[in-house]
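In case you want the letters, here they are:
2 protein chains.
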Amino acid sequence: MEKKPLILVTNDDGITAPGIRTLISVMNEIGDVVVIAPDSPQSGMGHAITLDSTIYCDAITIDDGEQLEYRCSGTPADCVKMAISEILNKKPDLCVSGINHGANSSINVIYSGTMSAAIEAGIEGIPAIGFSLLDYSWKANFEGLKKHIKKIALEVIKNGLPDGIVLNVNFPKLSSNNFKGIKICRQARANWVEEFDKRTNPQGKEYYWLTGRFVNLDKGEDNDVWALENDYISVVPVHFDLTAHHFIQKLNSWEL
Amino acid sequence: MEKKPLILVTNDDGITAPGIRTLISVMNEIGDVVVIAPDSPQSGMGHAITLDSTIYCDAITIDDGEQLEYRCSGTPADCVKMAISEILNKKPDLCVSGINHGANSSINVIYSGTMSAAIEAGIEGIPAIGFSLLDYSWKANFEGLKKHIKKIALEVIKNGLPDGIVLNVNFPKLSSNNFKGIKICRQARANWVEEFDKRTNPQGKEYYWLTGRFVNLDKGEDNDVWALENDYISVVPVHFDLTAHHFIQKLNSWEL
Numbered sequence: 363m364e365k366k367p368l369i370l371v372t373n374d375d376g377i378t379a380p381g382i383r384t385l386i387s388v389m390n391e392i393g394d395v396v397v398i399a400p401d402s403p404q405s406g407m408g409h410a411i412t413l414d415s416t417i418y419c420d421a422i423t424i425d426d427g428e429q430l431e432y433r434c435s436g437t438p439a440d441c442v443k444m445a446i447s448e449i450l451n452k453k454p455d456l457c458v459s460g461i462n463h464g465a466n467s468s469i470n471v472i473y474s475g476t477m478s479a480a481i482e483a484g485i486e487g488i489p490a491i492g493f494s495l496l497d498y499s500w501k502a503n504f505e506g507l508k509k510h511i512k513k514i515a516l517e518v519i520k521n522g523l524p525d526g527i528v529l530n531v532n533f534p535k536l537s538s539n540n541f542k543g544i545k546i547c548r549q550a551r552a553n554w555v556e557e558f559d560k561r562t563n564p565q566g567k568e569y570y571w572l573t574g575r576f577v578n579l580d581k582g583e584d585n586d587v588w589a590l591e592n593d594y595i596s597v598v599p600v601h602f603d604l605t606a607h608h609f610i611q612k613l614n615s616w617e618l
Numbered sequence: 363m364e365k366k367p368l369i370l371v372t373n374d375d376g377i378t379a380p381g382i383r384t385l386i387s388v389m390n391e392i393g394d395v396v397v398i399a400p401d402s403p404q405s406g407m408g409h410a411i412t413l414d415s416t417i418y419c420d421a422i423t424i425d426d427g428e429q430l431e432y433r434c435s436g437t438p439a440d441c442v443k444m445a446i447s448e449i450l451n452k453k454p455d456l457c458v459s460g461i462n463h464g465a466n467s468s469i470n471v472i473y474s475g476t477m478s479a480a481i482e483a484g485i486e487g488i489p490a491i492g493f494s495l496l497d498y499s500w501k502a503n504f505e506g507l508k509k510h511i512k513k514i515a516l517e518v519i520k521n522g523l524p525d526g527i528v529l530n531v532n533f534p535k536l537s538s539n540n541f542k543g544i545k546i547c548r549q550a551r552a553n554w555v556e557e558f559d560k561r562t563n564p565q566g567k568e569y570y571w572l573t574g575r576f577v578n579l580d581k582g583e584d585n586d587v588w589a590l591e592n593d594y595i596s597v598v599p600v601h602f603d604l605t606a607h608h609f610i611q612k613l614n615s616w617e618l
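Heads up: the protein sequence lines correspond to chains A and B, in order. Quick note: the first sequence uses our numbering, first residue 363, plus one each step. Quick note: the second sequence uses our numbering, first residue 363, plus one each step.
A hint or two may mislead.
If chains are identical, the list can't say which one is meant, so a pair holds when it fits in one copy or spans any two.
Claimed, not checked - In silico lysine-lysine, DSBU-like type, Cα no more than 35 Å apart, as pairs:
id, residue 1, residue 2
1, 612, 365
2, 520, 452
3, 581, 567
4, 520, 542
5, 612, 581
6, 513, 567
7, 452, 581
8, 560, 542
9, 560, 535
10, 512, 365
11, 366, 560
12, 512, 366
13, 508, 567
14, 612, 508
15, 508, 560
16, 452, 509
17, 365, 508
18, 501, 366
19, 509, 560
20, 560, 452
No lab work stands behind these hints: they were computed from the structure.
With the hints as constraints, model all of the structure from the sequences given.
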């Protein structure tokens with residue numbers, strides 16, 4: 363009998379979010395699953411790690427699936443570090459993060475707790491995938507995503523991923539499950555234009571809520587925002603060597 | 363008379379940290395300075411932004427310098443968003459972040475609040491530089507860094523930076539100020555091996571502190587860790603298009 367792969371599952375919406383519950387059910391079909399996920403929502407946490415505070419991590423049972431589960435008081439990146447260093451007795455064959463309630467296309471990859479968990483796993487040398495759905499609703503319909511997630515996960519287990527690369531997978535929101543297919547993309551060049559919502563608290567002090575408008579000026583048809591707008595599942599290979607290699611030669615000509 | 367550049371200063375160690383006070387004093391020699399920095403330490407915050415909580419931002423006077431200052435309850439990335447959207451009435455000519463108490467070389471760029479502020483400014487189209495010193499002490503000696511920081515900042519103002527690129531500048535800890543010079547580098551391929559410190563709280567419940575060992579297997583002499591170990595100031599051009607472009611073609615051959 364072939365040995366089942368060991369799969370680490372995490373997210374940033376918290377361990378009870380419908381997105382991660384769906385992801386766990388898919389992974390149970392593929393391998394032995396261990397879940398270490400935040401005990402509360404951690405959206406927008408980027409690649410934060412907990413340096414100035416303590417971290418709790420407790421075994422927990424949430425449903426009747428075969429997975430082992432732990433809820434952790436840390437960030438998504440903390441969860442992956444905790445899993446590898448303290449919980450698992452061997453390196454997982456795959457780490458999957460999500461399914462995020464909301465897309466992580468374009469520049470959102472930078473702010474995303476979902477992707478930071480996948481990237482953290484990548485840093486630790488584990489093939490990793492972040493999954494997100496372009497639907498912020500807690501009641502989003504994840505059913506139609508299952509077969510695609512399974513296929514992508516199996517391909518990653520089969521082929522592996524090169525050192526230093528993880529996958530960022532985003533699904534469009536479709537009423538039917540008629541995705542046009544999977545498109546390998548680059549990250550769209552887009553950004554948020556902030557619109558702070560300024561209010562006054564009951565004590566008369568001003569405070570703000572961060573809100574914003576997503577502005578995409580990238581007209582390419584090879585980027586992830588285009589793919590999602592055109593009903594494709596986008597897959598972006600993401601790396602964490604942030605060096606802008608092409609600018610090194612030019613910088614050497616500066617008078618520094 | 364030539365118009366002075368508008369310079370935004372921030373950090374992740376908090377607005378009263380000796381590192382940012384030094385940076386402010388240098389920038390006052392170059393331009394009109396506005397400081398918007400966290401009201402408390404934010405190390406390890408990565409590119410976190412505040413979505414589920416309110417943000418406060420108050421004018422404050424800390425020393426007798428000419429700068430305007432605001433302390434902000436948000437993350438370093440929040441500070442930059444707040445500055446551009448709410449505080450400044452025009453786009454700054456330069457954003458500098460730091461001087462961080464501790465290096466942000468190699469993979470630390472991912473976890474760094476200092477660099478996330480610089481990257482956020484870069485996303486907003488502002489030339490930006492993160493400065494860090496390989497000395498975690500609150501009493502670190504920043505004096506010898508001043509002339510180098512001024513030179514690098516002036517070069518960035520003069521030359522600009524290409525769209526999508528910011529600079530990550532790290533200084534070695536030297537007892538004298540005899541830096542060997544400035545070296546343009548790539549990000550070293552190194553990572554942290556976690557060593558969680560497990561303890562028991564007074565109520566008998568187990569908890570953890572995140573600690574770790576920095577492991578560098580990168581033998582190149584063109585990376586930032588090598589530069590710092592050899593008494594050079596490292597300058598890495600950093601970009602925030604995380605697409606691993608070289609892997610797109612290969613991914614297209616997968617059975618997805």
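Now the hints, each set against the structure:
{"no.": "1", "hint": "612 - 365", "in the structure": "between (51 Å within a copy, 27 Å between copies)"}
{"no.": "2", "hint": "520 - 452", "in the structure": "within (19 Å within a copy, 52 Å between copies)"}
{"no.": "3", "hint": "581 - 567", "in the structure": "neither (43 Å within a copy, 54 Å between copies)"}
{"no.": "4", "hint": "520 - 542", "in the structure": "within (24 Å within a copy, 48 Å between copies)"}
{"no.": "5", "hint": "612 - 581", "in the structure": "both (27 Å within a copy, 24 Å between copies)"}
{"no.": "6", "hint": "513 - 567", "in the structure": "neither (52 Å within a copy, 41 Å between copies)"}
{"no.": "7", "hint": "452 - 581", "in the structure": "between (45 Å within a copy, 27 Å between copies)"}
{"no.": "8", "hint": "560 - 542", "in the structure": "neither (42 Å within a copy, 49 Å between copies)"}
{"no.": "9", "hint": "560 - 535", "in the structure": "within (31 Å within a copy, 43 Å between copies)"}
{"no.": "10", "hint": "512 - 365", "in the structure": "within (18 Å within a copy, 59 Å between copies)"}
{"no.": "11", "hint": "366 - 560", "in the structure": "between (53 Å within a copy, 30 Å between copies)"}
{"no.": "12", "hint": "512 - 366", "in the structure": "within (14 Å within a copy, 57 Å between copies)"}
{"no.": "13", "hint": "508 - 567", "in the structure": "neither (47 Å within a copy, 38 Å between copies)"}
{"no.": "14", "hint": "612 - 508", "in the structure": "between (47 Å within a copy, 24 Å between copies)"}
{"no.": "15", "hint": "508 - 560", "in the structure": "neither (41 Å within a copy, 37 Å between copies)"}
{"no.": "16", "hint": "452 - 509", "in the structure": "within (28 Å within a copy, 49 Å between copies)"}
{"no.": "17", "hint": "365 - 508", "in the structure": "within (23 Å within a copy, 59 Å between copies)"}
{"no.": "18", "hint": "501 - 366", "in the structure": "within (32 Å within a copy, 53 Å between copies)"}
{"no.": "19", "hint": "509 - 560", "in the structure": "neither (44 Å within a copy, 40 Å between copies)"}
{"no.": "20", "hint": "560 - 452", "in the structure": "between (49 Å within a copy, 19 Å between copies)"}
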